[in-house]
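**Student:** Construct the complete structure from the given sequences, taking the supplied hints into account.
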Amino acid sequence: MKTILKKHLLFLIIIVVMCVAPVFTNAYQLRILISAALAMIFAMSLNLLMGIGGTVSFGHAAFYSIGAYTTAVLWYHFRTAYSTNFIPVLLVTGLAGLLLSLPMSRITGRYVTIITLSFAEIVNLIIKNWDPVTLGQMGIVGIPSVNLFGHVLKSKTEFFYLTMFFVIMTYIIMNWLVNSKLGRNLRAISNDAIAAEAMGIKIFPYKVIVFTISAVFAGIAGSLYAHLMSYVEPSTFNSNLSFQCISMVVIGGLGNFSGTMVGALFLTILPEYLRRFEFLFKYRMIAYGLVLVIVMWINHSIPGTKLKNAVTSRFNALLHRKNAEAQEA
Amino acid sequence: MAKFLQILVNGISLGSIYALTAIGYSLIYSILQLINMSNAAVFLTSAVIFYALYSSITAGQVALTFILTLIAAGALGYIIELVAIRPIREKGDSNTYALISSIGVKTILEQICQGTFGSEIKPFPTLLAGKYIDLFGARTSAIQIIIIVVTLVILFVMNWYTQHNRVGRGLRALSQNLNACHLMGMPVNTLIGVSFAVGSILAAVSGVAYCMYLSSISISVGAAIGNKAFAATVLGGIGVLKGAVVGGYILAVIESFVAGYWSMSAMNFVSFSVIIIVLIIKPTGIFGKKEQHKV
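Line order of the protein sequences matches chains A and B. Under the working numbering, the first residue of the first sequence is numbered 1444, with each subsequent residue one higher. Under the working numbering, the first residue of the second sequence is numbered -5, with each subsequent residue one higher.
Careful: at least some of the hints might be erroneous.
Only pairs whose alpha carbons sit at most 27 Å apart, straight line, appear in this in silico DSSO-like list of lysine-lysine [unchecked claim]: (1) A:Lys1624 / A:Lys1449; (2) B:Lys283 / A:Lys1571; (3) A:Lys1645 / A:Lys1445; (4) A:Lys1645 / B:Lys236; (5) B:Lys236 / A:Lys1725; (6) B:Lys283 / B:Lys236; (7) A:Lys1624 / A:Lys1645; (8) B:Lys(-3) / A:Lys1645; (9) B:Lys125 / B:Lys(-3).
If you are wondering where the hints come from, they were derived from the structure by calculation, not from laboratory data. Here the structure is a predicted model, which means the values were calculated and not measured.
**Tutor:** Below is the structure:
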C-alpha cells in the first residue's frame, strides 16, 4: 500500500491541487485549467505510444482532430448529444489508429516518423476539403456544451470536473496497461525488438493494439476540446499541435505518466502567464522553445519526474555494489 | 504538349527547392541519425533576413544581399549546433532528446520571425521580373530557369565537395563511423558544426529562391516547404544525399502534374499518399540502405 502511494504521490498531488483550484480561479483561469487537463489526456495518450511503445509520432494531432470532428460532425448533422457521440468517437478514432498501425508491419525506426507525419497531413487535408461533411475551411461553429444523458453541463466548473474525471481514468487505465502483460511486452519490444521477437513476442499485433488505444484516448481529448471551444476548424490541428504534445511528453519524462501531467500543465500555463507582460506578448511562444532547449540541456525532464528516478537508480546501483563487496568479504 | 512541358518545368523548379532543403535534412541524419527539425525554420529565417537586409541596408543589390544572407545562415546553423545539439550529444543521450531540442530551436526561430516580420504577406524582390522564355511553346519565367540552373551548379559543387574536398571527405567519414573518426583524431565537433552550416546555407538558398519564385513572402512558407522537404528526404532514403535530391524532384513533379491536370486541393493529398505507399513497398525509401541491427 505504502509503495503504491509513493509511486503515485505526484499524480495524487496534481489531482488534489487541480480539483481544489476552481475555488480560487476566475473564469479565464478556469478555461486554461480545462485546456491543461485536455492536454494531459492528449499527452498521456502519446506517452503510451512514445514512452512505452517506443514510437516517435509526429502526427498525434490527427487523432485529436478526428475525435473533435467526429463529435462536431455528428452534432451538426444529427444534433446528437455528447453522451450519444461518445461511442462513435471511440470507434472512429480507434479505427484511425488501427489504420495507421497497418504500415508498421514493415516499417520501423525513423521511417515511422514520416508515416505518422504524412498520415496527419492527409487527415488534415481530408477535413479541409470534404466540404459536405466537415464544412471545409469554414469549420463547424456553435457546438453546445456537453450533454450527459440529458443533463447539460451549463457551468465551466462542471465541465472542468468532467475533464478531470477523464484525466483520472486515463491515468488509471494507462498505469494498468503498462503493468499488465501488454505493457511488459511493449517495453520489451521498444528496448530490443529482435530479442523480444526471439522470446516469442509477436511485434505487429502489439503495435496495432498500442496505436489503437493511444488513438482512442487522443480522440476523447479531442471530442472534449470541440465542446470546450464550441467551434472546430482545420487549421487548429496542424503539425505544431503534434510537436507541442511531444514536448509535453518528453519534458515530463518518457514513460512517466505523472511527469507528463506536469509537462502538460507547465507548457499550457507558461504561454498564458507570459501574456500579461506587454513587451513579451508578441514573443511569448519563444519561451516555449527556450524551455524545451534548456530542459533538454539540463536533465531532459522537469525536476521531480525523471531527475528523481536518476538519483534513486544511482543510489540503488551504489547499494548493490556495497552489498556485493560485503558478500565478497 | 505545351501544357505538359509547362507543368514539367514548374515541377522541376519546385523540385530544386525541395532538393536543396532536403539535402540539409539528409546530411545531418547521415552523420548523427538526427532529424533536424530546425532546418525548416532556417529556410524561413533566411528568407526573412534577405527581406530585412534588402529593404534596409543593402537596398537594391541582390547579389550582395544574397551573399550576406548565406553567411548569416551558415553562422546560424553553426550556432544551432553549438547551443542546442552539442551539449546533448556530448552527454551521449538518445537522439530523441536532440530532436526535441531542435524542435525547440524551430519554435524559437519561427516566433522571432513572426514577432519581427508580422503575419501579413509582403512583396519579395525577384530577378528579371516579367521576363519570360519560350521553351518549345511552354512559357517559363526567367526566375524558374535561374533556380534550376543554380540548383544544378550547387549539386555539382556539393558532389565535388564531398568527393574531393578535405572537409567534405571528413563529413563522409563521419557518416560512416563517428566513433572511429573520434579515435583517428579528427575534429569531430567542428565538422558536425560545419555540416549544420552547410545544411543551413542550402536551406537559405532554397528559402530565398522560393520567395523569389513566388515574388512574395509570408510567415507560412517555412511550414509549407519544411514538411514537404522532410517527406522528400524520406522518400528518397534518408541519410543518402542522392536520395534527397531524387526524392525532392519526384515529389515536386508528381505534385505539379496533379495540380495541373486534376486539382490544387488534391496535390498535397496525393503527394503524402505516394510517400506512404512507397514506404510500404520499400520501407527504406528509394535509395535507402537497410539498417543492420546487431543482436
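**Student:** Each hint needs a verdict: does it hold in this structure or not?
**Tutor:** Status of each hint after checking the structure:
Of the supplied pair hints, the one linking Lys1624 of chain A and Lys1449 of chain A holds, its CA atoms being roughly 23 Å apart against a limit of 27 Å. With a C-alpha separation of about 36 Å, the suggested pairing of Lys283 of chain B with Lys1571 of chain A is violated against the 27 Å cut-off. Of the pairs offered as hints, the one joining Lys1645 of chain A and Lys1445 of chain A is violated, with about 36 Å between alpha carbons and a cut-off of 27 Å exceeded. About 36 Å separates the Cα atoms of Lys1645 of chain A and Lys236 of chain B, which puts this hinted pair outside 27 Å; it is violated.
For a cut-off of 27 Å, the pair hint linking Lys236 of chain B to Lys1725 of chain A is broken: about 41 Å separates their Cα positions. For the hint linking Lys283 of chain B to Lys236 of chain B, the alpha-carbon distance of about 12 Å falls within 27 Å, and the restraint holds. Annotation: proposed proximity of Lys1624 of chain A to Lys1645 of chain A holds, straight-line Cα distance about 13 Å (limit 27 Å). Distance check on the hinted pair: Lys(-3) of chain B and Lys1645 of chain A sit about 52 Å apart at the alpha-carbon level, beyond 27 Å; violated.
Taking the CA atoms of Lys125 of chain B and Lys(-3) of chain B, the gap is about 19 Å. The hint holds against a cut of 27 Å.
In terms of the numbered hints stated before, the structure departs from hints 2, 3, 4, 5, 8, listed from lowest to highest.
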